[in-house]
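**Student:** Here is what each chain is made of, one letter per residue.
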Amino acid sequence: MKITVRIWRQAGPQQDGELVPYEVDGISPDMSFLEMLDILNERLILGGQEPVAFDHDCREGICGACSTVINGRPHGPEQTTTCQLHMRSFKDGDVIDVEPWRSRAFPVIKDLVVDRAALDRIVQAGGYITAPTGTAPDAHATPVPKPDADKSFENATCIGCGACVAACPNGSAMLFTSAKAAHLNSLPQGQPERDSRVLNMVAAMDDEGFGGCTNTGECVASCPKGIPFQSIVELNRDFLRAARRK
Amino acid sequence: MTLEYTTGSPIRDTAAPTGPIEERWDGRRFAAKLVNPANRRKHKVIVVGTGLAGGSAGATLAEQGYHVVQFCFQDSPRRAHSVAAQGGINAAKNYRNDGDSVRRLFYDTVKGGDFRSRESNVYRLAEISTQIIDQCVAQGVPFAREYGGLLDNRSFGGVQVSRTFYARGQTGQQLLLGAYQALSRQIDAGNVEMHARTEMLDLIVVDGRARGIVARDLVTGEVSTHLADAVVLATGGYGNVFYLSTNAKGSNASAIWRAHRRGAYLANPCFTQIHPTCIPRTGEHQGKLTLMSESLRNDGRIWVPAAKADTRPPEQIPEDERDYYLERLYPSFGNLVPRDIASRAAKNQCDEGRGVGPGGLGVYLDFRDAIARMGRAAIEEKYGNLFDMYQQITAENPYEVPMRIYPAIHYTMGGLWVDYDLQSNVPGLYVVGEANFSDHGANRLGASALMQGLADGYFVLPATLADYLARTPLEPVDPAHDAVLRSESEVAERLSRLLAVQGSRTVDSFHRELGTLLWDHCGMARTESGLRKALERIPRLREEFWREVLVPGSGEQLNQELEKANRVADFLEFAELMVLDALVREESCGGHFREESQTPDGEARRDDERFSHVSAWEYTGVGESPVLHQEELEFEYVHPVQRSYA
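Protein chains in written order, with the working numbering: chain V, 1 to 246; chain P, 1 to 646.
It is possible that part of the hints are untrue.
Distance ranges between label pairs, derived from CB positions [claimed, not checked]: (1) P:Arg-103 with V:His-140: 15 to 25 Å; (2) V:Gly-12 with P:Gly-623: 37 to 47 Å; (3) P:Tyr-147 with V:Gly-226: 20 to 30 Å; (4) P:Arg-103 with V:Asn-170: 34 to 44 Å; (5) V:Gly-48 with P:Gly-8: 19 to 29 Å; (6) P:Ala-31 with V:Gly-226: 17 to 27 Å; (7) V:Gly-12 with P:Gln-502: 19 to 29 Å; (8) V:Val-233 with P:Tyr-399: 28 to 38 Å.
Source of the hints: derived by calculation from the structure; they are not laboratory data.
Since this is a predicted model, take the numbers as computed values, not measurements.
For every residue, glycine included, the Cβ atom is placed at its ideal position computed from N, Cα and C.
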C-alpha cells in the first residue's frame, strides 16, 4: 500500500504547528498504525529530518499512552487504541490526517505528544480507597454481588488515554471521571469515601480546565474500552446526592 | 572479545535467617529495627519505577511516613508495563480446598524455577501471597467473582490446583491501578514527590553507599541530581534487549545496568523466559510482539497437523490427523505444562516442519472443543477481551478458527543481585520486582510475577528498608561532593557524545541487529559455538554503534531518538554479559536450553553438581573481563529432582 499521512508538526508548546504531508509506501495491511509511523520515522531520520514524536509504550492496547486523532477521530476509525489500529483499516492511496489530542486541558508538548497530567490530578483528588497496607480483612469477608463486581470491573477497564476528552466538543473529562468514580462507588469497599470522592474529583476536573459535560456522547463513541454512558448518569446522580448531603 | 572472566570470592546471603523455613520471615521482621513514626519523615527515599513493585513500594513507604521521591519515564505512573499482564496472580488461599497450601505454592515455585531460586525467598513469597489478595480486595481491585459474591479462581501452567486470582484478562491493569491509586493518594497528601517523564541515568554512590540518582527530564532535557538516604530500583526486566519481545517499547535496562557499572552485582543475566502463547509475527516491520494470556491454556487445546507441511486449513484436518502433542507427551499436566516446556515443545514441532501459518512458525491453540462443551457465552465471559485482541491483530475470528501462537521473549529472571532484605551488595541500594533476581530461578511460573512485585513493594521492602534506615548513620550528602558531580557530568558527556556521532544508521537498525543476534544464539536453544559467535559480534556492533549511529535533534528538548539511543547503548554492553553468562552455564535449565546438555529423549538436563549456584557478576569496565562471584544454593526442603510433568 501507498498512503499519504498529513501529520501535525509542532516543535514545542510555544511554537505554531501545521499539518505536513508525507508519502509512505511499502505498507502492509498487517502493520499497526504505529509501525507505519516507525517506518516513516526511520526514513525521516535517514533523510536528515526530525522524526515525528508520539506517545506509545505497551502497543497492546492497555497502557493508554498512544494518543493521536486520526481523520478527526481519537484513535481513528475503529473503536480501539491507535496502537491496535491496523493498516488494513485503510485503502491504498488514502490521505490520512494525524493530529494530537485536541483539548485545552492537554497542552501539546511536541508534535503528537500532549501533557495529560490533569487526569492524574483528578485521580489524586479522590480516585482511591484509603485502606492502609497493614493487615486487611480476609478477601472473602466482604462478598461482592456479581452484578456489582461486574459493573465495577466494566468501569475499571478505563485506560486513562484521554480519548473521551479529545472527542468531546467541550473537552470534558466527564467519562474518565465517571468511570473512575463508578469503579470504586460500585463496591462495598468504596462506600466510606463515596460522597467526598465524587465532590472532590468533579471539583478537580473543573479546576483543570476541562469543559462541562452536555451529554453529547462523543466520548462514548470514541472510548476504546467501551465505558458506558450510564457511568456519566450515575456520576451526576451521585454528585447531586453528595452535594445535598454535604 | 571477552571470553575471559575471572572468578572472585564466593558470596553468601548474609541477611538470610536460619531455622525452620516457616518462621524465617516472621523472625526477620521481629529482628528488624523500627523507625519511630516521628522520625520517618526525616528520611528521604528514592523509588525508581511505578509498576507493581515500585508503585506499591512508594505508596507503602509514604503511608508509613517516609518522604518518597519517585520517578517514571512514562507520562503517568499508571502506564508502567505491569499494566499489560493479563492472566492472574497466585495466592495460596486454598479457597477451593483442592490441596493447596503455602507449602505447595512454595514447592511448585521452586520446582517450576528448576531449582535455581532461593528457598527462603520463595517460601516468604508464598506466605505473603495470601495477604496480597486481601490487600488488593480492600483497595477495590475488581477480581472476578462467583455468582454468590466470593472470589473466583483458575489454574495456570506448572500447577495442578486452582489458585490464580484474576480480573478477566486484565489482572495486571487492575492490580496496577490499585497500586497507582494508593500512590496517587500519597502524592495528593504531599508524601510522594512524583517525577513523571523522567529517566534515571546513573546511581550516585557516596562512601560506598547508594545516596542518590542522576535523572533526565525527558521533556526539557534537563539533567539533575537527586539525593536521599536510600535508593529503590523497581525498573522491571531487560527483555527488550532482544528487540522483539512482549515488553513495552520503553522498557529498558539502563537503571540496573548503570547501577551495575557503579558496583552492584548482576545475577544470572542469561535467565530469560520465553512465553509459549504469543501471536506469531507477520513480517520484518514488526516492532512489538503481543502475548495471549497463558490462562487460555486452561481451555484451549494445542495441536499441530500430524503430517509435515500439511497446509490444509485447520477445519479440514480431521481429528485423527491432529497431534495434541502436549497432551500426548505430558499427560498429567497436558496443555498446562510450565512455560519453558510448552515453549520448547512448540519450537520442536515447528523445527520439524509441522508449524502452521505463514512461515511455519506457529501452532494452533484451539477452542473448538471448549466452545462445544461450555458454550460460546462462557468462553466470552472468561476470555472475551483476549479473543477480541487476537482478532484485532490478526483479522481472524478465534471463535471460528483456532488461534495461532508461537513462543516469544517475555520476562527476565536475572537481575541485580539482592540479599534476603532485597538489598544489593551496594548498601542502601534496594531492588524490587523483576529488576532483582532471587525468586523465580531459571523459569517463572505463570501468575507469579504480579505476586512477587506486590510482595516486595507492599510487604517486604517496608520492613527491611526500615531496618537499614534505623541502623545506619546517614549524614546529609553535600551536593558538591565529587561522586555527585562525577555521576552528573558523565551522564551529560555521554548524551552529547551520542548526539555528536551523526553517523548513517538509525538507532532501531542497531537494536534490531542486536536482537536478532541474541534470539539466534542466546534464545530458546543455545550452543557453545553460537554463543561464542555472538560474543565476537557484539563488541564489533557496539563499536559500530558509537561510530555510525544517527541521533537527530538536540538534548535540550523532548528527543525520543536520544532516549532510545541511550538505552540501546546500554543494551549493547549488557548483551555481552548476558551471552557470557549463558556460555559459562554449561547446563540446560528452565527456558535456557543448552543443546550440549540434554537427556537421551531430548529433555533439558540440569547439572546440579556444577551449577547449583547463582552467578553474580562484578563489573570491571566496558569490554573488560568481569569477575564471577558464586552464591551456592541450598535446598533443605525441596530436593532437586529431574523435573517431570509427564
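**Student:** Per the hint of 34 to 44 Å, is the separation of the Cβ atoms of P:Arg-103 and V:Asn-170 within bounds?
**Tutor:** Hint violated: Cβ distance 58 Å, outside 34 to 44 Å.
**Student:** Does 19 to 29 Å hold as the CB distance between V:Gly-48 and P:Gly-8, or does it fail?
**Tutor:** violated (48 Å)
**Student:** If I claimed the Cβ atoms of P:Ala-31 and V:Gly-226 lie 17 to 27 Å apart, would that claim hold in this structure?
**Tutor:** Hint violated: Cβ distance 51 Å, outside 17 to 27 Å.
**Student:** P:Tyr-147 and V:Gly-226, beta-carbon distance inside 20 to 30 Å?
**Tutor:** holds (23 Å)
**Student:** Taking 28 to 38 Å as the stated bounds, is the beta-carbon spacing between V:Val-233 and P:Tyr-399 within them?
**Tutor:** holds (32 Å)
**Student:** Taking 19 to 29 Å as the hint, is the beta-carbon distance of V:Gly-12 and P:Gln-502 inside that range?
**Tutor:** Holds, since V:Gly-12 and P:Gln-502 (Cβ atoms, about 22 Å apart) stay within the stated range.
**Student:** Per the hint of 15 to 25 Å, is the separation of the Cβ atoms of P:Arg-103 and V:His-140 within bounds?
**Tutor:** At roughly 21 Å between Cβ atoms, V:His-140 and P:Arg-103 fall inside 15 to 25 Å, so the hint holds.
**Student:** Could you say whether the range 37 to 47 Å given as a hint is met by the Cβ separation of V:Gly-12 and P:Gly-623?
**Tutor:** holds (39 Å)
In summary, the numbered hints that this structure violates are 4, 5, 6.
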